[in-house]
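A.B. asks: With the sequences and hints as input, model every part of the structure.
As you go down the protein sequences, you meet chains A and B in turn.
Read in this note's numbering, the first sequence has 355 at position 355, and its numbers run on one by one without any break.
Read in this note's numbering, the second sequence has 43 at position 43, and its numbers run on one by one without any break.
There's no promise every hint is true.
When the alpha-carbon atoms are kept at most 25 Å apart in a straight line, the in silico DSS-like pairs for lysine-lysine are as follows [claimed, not checked]:
#1 B:31 x A:110
#2 A:43 x B:31
#3 A:43 x A:531
#4 B:91 x A:531
#5 A:531 x B:115
#6 A:509 x B:115
#7 B:115 x A:110
To be clear, the hints were calculated from the coordinates, so they are not data collected in a lab.
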Amino acid sequence: MADEKIAVYFCHCGSNIGGKVDVEKVTAWAAEQPNVVVSREYKYMCSDPGQDLIKDDIQKLGVNRVVVAACSPTMHEPTFRKAAADAGLNPFLLQMANVREHCSWVTEDKDEATEKAKRILSAQIHRLPFNQPLDPIEVPVNPAVMVVGGGIAGIEAALKLSATGKKVFLVERNPSIGGHMAMFDKTFPTLDCAACILTPKMSAAGKDPNITMLAYSEVEEVDGYVGNFKVKVRKKARYVNTDTCTGCAACQDACVVRKVPSEFDQGLGKRTAIYIPFPQAVPLRATIDPTNCLTLKGKKCKQPCTTACGPQAIDFDQQDEVLDLEVGAIIMATGFELWDPTPETRYSYGKFDNVITSLEFERISNASGPTGGHITLKNGEAPKSVAILHCVGSRDENFQEHCSRVCCMYSLKFSHLIKEHLPETEVYECYIDMRTYGKGYEEFYKRLMDEGVHMVRGRAGEVSNVALSPEEEGHLIVKVEDTLLGIVRRIPVDMVILSSGLAPAHDAKEVSQIFGFGCSANGFYLERHPKLEPVSTVTDGIFIAGCCQYPKDIPDTVAQAGAAAACALALVDNPTVKVEPTISYIDPEKCAGCHICVSVCPHAAIQYNEEKGVAEVITAACKGCGVCVAACGSNVPQQAGYLDEQIFAEIEGAMAL
Amino acid sequence: MSDQFEPRLIGFLCRWCSYNGADLAGTSRMKYPPNMVPIKTNCSGRIDPVHVLKAFQEGADGVLIAGCHPGDCHYINGNYRTAGRYPLMEKMLEQMGLEHGRVRLEWVSAAEGEKFQRVVTEFTAEIRALGPLGWGKQFHDESADLAVDEAAKEAVPA
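C.D. replies: Rendered as structure tokens:
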């Protein structure tokens with residue numbers, strides 16, 4: 001290691017680092033450190049002239065080890081490693097010293113920040129002599145893609161990928177694709193009929209020869225790595241042969257169990273035990289719900305469905321099927337759940353019949369919904385007055401801190417629909433702030449004000465039925481502070497719509513664990529970088545789209561689905577992908593064959609070779625956690641890029657001053 | 001800097017959760033004491049007790065190990081290995097005469113910048129209260145080495 005020539009580059013990052021760390025001082029100090037032949041500072045190392053500094057020194061000064069003291073390696077390590085590689089230096093001979101996220105941005109005092117920057121830099125200077133050139137491992141890529149979730153995001157991503165000729169598995173846990181959008185009546189601000197714009201896409205996805213539709217199915221296990229995922233999908237038994245079922249719904253008409261609350265109608269309508277969730281379902285196939293079907297519950301039933309079914313598609317003995325699928329990339333589009341307003345007891349949801357959620361109103365106002373599109377109270381009468389309460393379970397530290405982004409606009413849409421159906425009905429919108437940020441949204445808000453909707457600025461405090469005056473008798477009373485008038489108002493209405501926020505799916509956490517990426521503090525899937533990689537996850541090859549990442553409207557969802565499809569395509573359109581070579585290896589000369597590493601490996605990547613009596617790493621299966629290295633009593637497994645010597649040297653460097 | 005004792009700390013952070021949690025604390029401009037230098041490994045399960053010993057040998061006053069929350073490990077269950085080893089290591093360090101509290105294991109997710117800030121702030125204060133450890137000085141003091149050599153010579157008859 002006599003001929004190590006280390007170059008140090010210290011980035012000011014404008015004033016992000018330079019404003020806190022005395023860059024000149026640290027750079028001068030670094031020049032005196034062992035093996036350092038050149039130490040430079042620059043305003044923006046990631047710029048082309050910054051990268052050229054590195055390239056020039058490698059080529060002209062014969063620099064063979066590089067430290068860039070700048071931002072987090074998550075941000076620009078690939079940038080600088082590529083620059084090094086372009087200049088002929090193995091990229092793994094370059095280390096980043098994170099002096100921005102871990103130092104200048106988190107340290108109050110300038111002197112302290114300068115000293116900490118030195119320690120962070122010193123750790124990397126000490127480490128570098130032990131770095132070895134590594135070659136990325138090139139693995140083949142399976143060109144198929146799995147899309148998990150069949151709402152508008154999943155459908156859009158699947159169609160885009162299919163258009164490029166890729167094979168797509170579209171997995172949806174419900175009997176039909178369509179997601180929440182299929183339940184909506186109109187979409188804001190254009191008032192397009194949701195079904196009219198969604199169902200053509202649903203049916204296109206259903207007919208697409210490149211798309212394998214796996215509805216009523218759930219992902220159980222994911223193994224493998226970028227380009228080579230192995231996914232176990234459970235295709236739940238529908239008790240109906242989907243090859244012969246024609247979707248004629250004769251079974252549905254014959255079924256004697258007729259009062260099951262319809263999930264699609266938010267429990268406002270009823271369905272049968274054998275059912276097609278809605279007329280435009282894709283795939284248009286019947287499903288038997290085993291918790292309500294008399295036969296499947298072991299009770300007596302004459303099975304009129306079997307009699308009614310022409311093609312004899314009903315099969316009470318059908319079992320779940322577990323499919324083993326292999327794909328190169330995965331797009332998560334698992335959507336959201338409407339926040340259940342029951343815990344917000346002040347609004348009396350579940351207590352009064354005519355306090356309903358926004359999704360319930362979507363179904364009521366929908367022509368194919370339980371009331372045939374007539375906006376009515378529970379007793380069938382038309383409401384004479386309606387209050388729409390914004391920010392229920394959103395922007396509320398007691399429940400969800402985040403803004404759900406779509407509620408202001410869908411609430412305005414509701415006002416419009418009510419005014420359209422019932423021009424005489426008074427509508428009150430109780431809002432905190434009117435957030436109409438999208439294209440055409442502010443204009444829609446203005447238009448609604450002209451339609452005679454009452455805008456009340458203030459978060460509603462209570463919904464009760466306690467009348468304090470004759471005109472309040474028999475009404476729901478919304479108590480709200482009108483912050484523009486500076487008075488507390490009591491508004492008697494017939495119907496209250498709670499504009500509930502969007503919540504992460506109840507099992508978002510568990511699902512993210514199956515796929516191996518994390519969730520944000522608010523429970524939505526965590527993107528790799530909030531600005532530059534909003535559709536990637538920390539797991540290479542797994543992308544996210546739609547409301548599973550954060551609440552968003554339909555245009556943003558569709559745009560993000562396209563972006564996720566493009567990212568997946570950029571991966572699977574290549575025959576191979578390079579994966580990080582920071583994996584473990586075992587020296588057979590030293591291995592005693594004790595099996596400890598075999599037992600701790602999370603990915604079954606270490607096998608015991610009976611013949612040789614030693615453990616062996618399966619290169620393609622090792623993901624580089626290094627657990628085996630720490631577990632071995634004799635330090636035989638070593639992890640490239642994270643050798644013990646490298647970690648020791650980093651510690652020595654960090655503690656050297 | 002004031003005259004109070006400023007501990008020097010090492011923090012082993014797993015790359016997927018805790019390192020990113022520390023990054024988030026940075027991007028959110030959350031301030032915490034500058035005493036800890038982070039060292040990145042792919043998984044907290046890569047941390048060998050000898051790394052912790054090495055840090056103390058080099059003069060660290062405290063060592064933090066931070067990994068993904070149970071169930072969140074990028075490598076399925078690497079952090080369970082960490083959790084399994086940790087009590088054994090604590091016991092071993094205790095037998096070597098180390099005060100309780102100089103090593104700390106924490107789960108910090110990539111979304112928990114605030115937790116990272118809190119953990120480092122608390123840990124720094126706790127180690128400051130414990131005072132300097134001084135193992136590094138012992139190891140690097142040549143006269144101490146000589147004393148060991150002498151003792152060894154006496155123990156083994158020539």
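A.B. asks: Determine for every hint whether it applies to the structure shown.
C.D. replies: Hint check:
no. : hint          : verdict
1   : B:31 x A:110  : 12 Å, holds
2   : A:43 x B:31   : 24 Å, holds
3   : A:43 x A:531  : 22 Å, holds
4   : B:91 x A:531  : 44 Å, violated
5   : A:531 x B:115 : 22 Å, holds
6   : A:509 x B:115 : 19 Å, holds
7   : B:115 x A:110 : 24 Å, holds
Checked against the numbered hints above, the structure breaks only hint 4 and satisfies the rest.
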